[in-house]
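So the protein lines, in turn, are chains A and B. Numbering follows the working numbering, in which position 31 of the first sequence is assigned residue number 31; successive positions increment by one, without gaps. Numbering follows the working numbering, in which position 10 of the second sequence is assigned residue number 10; successive positions increment by one, without gaps.
Just so you know, the hints here were simulated from the structure itself, not pulled from any lab data. Given the structure is predicted, the values throughout are model-derived calculations rather than measurements. Ideal Cβ positions, reconstructed from N, Cα and C, are used throughout, including at glycine. It cannot be assumed that every hint is accurate.
Computed spacing ranges between beta-carbons, pair by pair [stated by the list, open to error]:
id	chain 1	residue 1	chain 2	residue 2	range
1	A	Lys17	B	Val78	43 to 51 angstroms
2	A	Pro61	B	Phe94	29 to 37 angstroms
3	B	Gly95	A	Asn52	16 to 24 angstroms
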Amino acid sequence: GAGVSQSPSNKVTEKGKDVELRCDPISGHTALYWYRQSLGQGLEFLIYFQGNSAPDKSGLPSDRFSAERTGGSVSTLTIQRTQQEDSAVYLCASSLSGGRVDTQYFGPGTRLTVL
Amino acid sequence: DQQVKQNSPSLSVQEGRISILNCDYTNSMFDYFLWYKKYPAEGPTFLISISSIKDKNEDGRFTVFLNKSAKHLSLHIVPSQPGDSAVYFCAAFFGNEKLTFGTGTRLTIIP
């Protein structure tokens with residue numbers, strides 16, 4: 001079946017603009033994660049959705065970052081008033097039920113460049 | 001504060017030889033460890049995992065070793081093949097669903 005898809009694959013924006021990144025998880029997966037990888041860094045956890053529970057937002061770096069997941073499926077990560085340090089690859093992953101032994105399947109990522 | 005460290009950013013290995021990728025962690029509460037492999041322009045894919053109650057897990061050409069006292073794990077690939085050329089990330093869980101990743105090691109297999 002289809003894997004995790006993300007759009008756009010690349011996004012170039014000007015400092016101060018808002019951007020929206022989209023993630024389509026694998027159908028039937030109840031858990032959805034957002035990560036980002038800045039240059040020279042590991043993958044950094046941002047936010048985690050599990051079913052109808054309140055999301056775990058503990059990894060969001062500032063209040064300019066927000067995410068929602070509509071209908072338990074598609075998720076959108078929004079970055080307001082982008083800064084140059086927001087430049088990174090943003091990765092989305094989904095898993096069947098969110099447990100630690102559940103494999104997380106990653107999308108190809110969105111490369112965000114803030115000029 | 002990097003809790004999972006991969007100190008070698010790159011590694012080159014001759015085809016057919018053993019590749020050994022290393023990972024150190026600082027948080028003794030981590031109790032489940034994973035290795036992911038990433039090709040360019042693709043997301044990471046799960047490779048192998050190990051629970052802290054074990055010290056070794058094997059899957060075909062891939063073996064992960066865990067040394068809890070040293071807070072060290074390693075991934076052995078033998079024999080190495082050209083398709084193994086990729087970036088390898090180690091990652092760790094403790095008590096919740098948030099994975100902490102290392103910075104990755106780029107493995108190049110030389111034909």
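Of the hints stated earlier, which fail here? Violated hint (a single one): 2; every other hint is consistent with the structure.
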